[in-house]
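The task is simple: from the sequences and hints, build the whole structure.
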Amino acid sequence: MNISVEEVKKEIETHLPNVKLRLVRDSILIENPEDLPQVALFLKESPRFLLDYLSSVTGADYLTFLESVYHLYSMAQKRGPVTLRVRVTKNNAKVPSLVPVYRSAELQEREAYDTFGIIYEGHPDPRRLFMWEEFQGYPLRKDYAQEDTEVLEIADIAWLETRGIEVPVEMKEKAKTLHAAGQRAVAQKPEKPRP
Amino acid sequence: MTNIVEIKNTDLAQTLEINFGPQHPSTHGVFRMTVQLEGEKICGLRPIFGYLHRNHEQIAENLPYAAIMPYTDRLDYVNALSNNFGYALTIEKLAGIEVPERAEYIRVIMAELARVVNHIAVIGFMLNDLGAFFTPLLYAFRERERILNLFEEITGSRLMNNYFRVGGVKRDLTGENLAGIQKIVSRFPAFLEEFEALLTKNEILCMRCQNIGVLSAKTATNAGITGPVLRASGVNYDIRKVDGYSVYNRFDFKIPLGEKGDVYDRFYVRILEIRESLKILDQALSTIPPGEIMNKKSLPMLKMPRNFKPPVGEAYGRVESPKGELGFYVVSDGTPQPWRYHVRAPSLINLTVLEEMCLGQKIADAIIILGSIDIVLGETDR
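Read top to bottom, the protein sequences are chains L and R. The first sequence begins at 1 in our numbering and counts up one residue at a time. The second sequence begins at 1 in our numbering and counts up one residue at a time.
Hints are all accurate, no fakes.
Here are the computed lysine-lysine pairs in the DSSO-like style, where the Cα-Cα straight-line distance is at most 30 Å:
| id | chain 1 | residue 1 | chain 2 | residue 2 |
| --- | --- | --- | --- | --- |
| 1 | R | 241 | R | 183 |
| 2 | L | 142 | R | 303 |
| 3 | L | 44 | R | 93 |
| 4 | R | 218 | L | 44 |
| 5 | R | 218 | L | 10 |
| 6 | L | 78 | R | 260 |
| 7 | L | 44 | R | 254 |
Beta-carbon label-pair distances, calculated as ranges:
| id | chain 1 | residue 1 | chain 2 | residue 2 | range |
| --- | --- | --- | --- | --- | --- |
| 8 | R | 156 | L | 4 | 40 to 50 Å |
| 9 | R | 196 | L | 185 | 55 to 65 Å |
| 10 | L | 14 | R | 24 | 52 to 62 Å |
| 11 | L | 142 | R | 196 | 52 to 62 Å |
| 12 | L | 22 | R | 198 | 51 to 61 Å |
| 13 | L | 17 | R | 67 | 46 to 56 Å |
| 14 | R | 70 | L | 25 | 27 to 37 Å |
| 15 | R | 38 | L | 122 | 27 to 37 Å |
| 16 | R | 152 | L | 122 | 42 to 52 Å |
| 17 | R | 159 | L | 174 | 41 to 51 Å |
| 18 | L | 76 | R | 19 | 37 to 47 Å |
The hints are simulated quantities; they were obtained by calculation from the structure and are not laboratory data. For each residue, glycine too, the CB sits at the ideal point set by N, CA and C.
If you want it as structure tokens, here you go:
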């Protein structure tokens, strides 16, 4: 059974008059990310919708802004989904965490942080999920530059040399120049994707 | 002797942190956790992910829609057909493609067979973790092998099936295949009787499993737990019934529920679910209609996959995979590749409550609690 988005929007607007909403496709865009927890809490506890189950949390990169998307269902009434979304800029990608409302956001918000760099404020354990802590960049952003695995870094060369493996001189010099310039070795992308 | 008792009762008792995995055989892959122990009792547990991370989502975002299908096999590699189902369903939703009736029946038959395969394998592995080394597992694998041989006959592969297509399935089931499935379905209850006679009322199994790793219904709902783990806690939520996707609403089947939400309930719910799957299979096999197996509209997509461009928009499709709710979120920008592709993996999200279930239990119980959640690392780490 589906829930009509207009109905949900109207209900939120009557109960939470300060929240600005907009319909985007079949979902509700919350204009100010700060309003997200109160909207979620309202939908969770409102007896009309009882959206007690947060199914999916994920991010998306739309070049000029990042988006955090939430799919809510009701286990009690067996209805859904209601899609909520918030938009933030890349420089200030901060969204309040939904973990206090739904615990199912715990690992998924960590994943969205790991891959998109959206910082969920108030998350109890805001670490990367899949990548290691020292990893730089956010791999699912569209401007992420892939690392060139052929080029060795200074630490790699040191690791190899302590194990008695000889590294060619050119590779050592390249690593030194990159290190001095403070750059990462970036793989060359083909200019155009295959048609 | 009195001295030892005194020391135990003071603050001198220390916690010990041990590392568990990623190579430990009971983690079913490369799952790792660090466990804090007080004696044998668990007082803290932290899962660490990412040992099988390959950025499945980014791989998919650089591929045409039709080429993503084989990659979904590698998510939950124990039952690839359920993943195919979820992905095909999402793209059909996105592009508005209808599926012929016969194809829907074939999909249901294959997905239910995959569920049977998954559940018997899980029960076998769980008993392995309990210390019943390989006897129940090999009983289960004997039956699994029959179904896998059938999969090989039908799809061409035992595990990485790659059988579903957007708008239908790859190959029709012949009368011979249907007879083969019928034979397996009709002899399966005898195997389950045998299996249950050995296990269900076994005293050791009951003592090890009952009241271990209890998960309350409220916590389970809030933490987004789905699948048999949720139903063992007594929440009646099965997406096959709720959404009625494909042709599931035409079949008569029940949803087995547990009472306590302990490991034993999770074990028994799975056995009951196999019985319900067999019921669905029986009905589907007797009512499968003749006809097309592929929507004519989507044939060009298979021949020229780079010309398939769904309209701008997004879709969230979900299916009841044997592990829980498997969701796919796909955003199309009108090009041959998806702009955004996300997998909501049940194995990952079901691990949210692992620490809560393990606190206060013995270290040996953590292994069976993990086994009873049923994770596959291909899906957890993606």
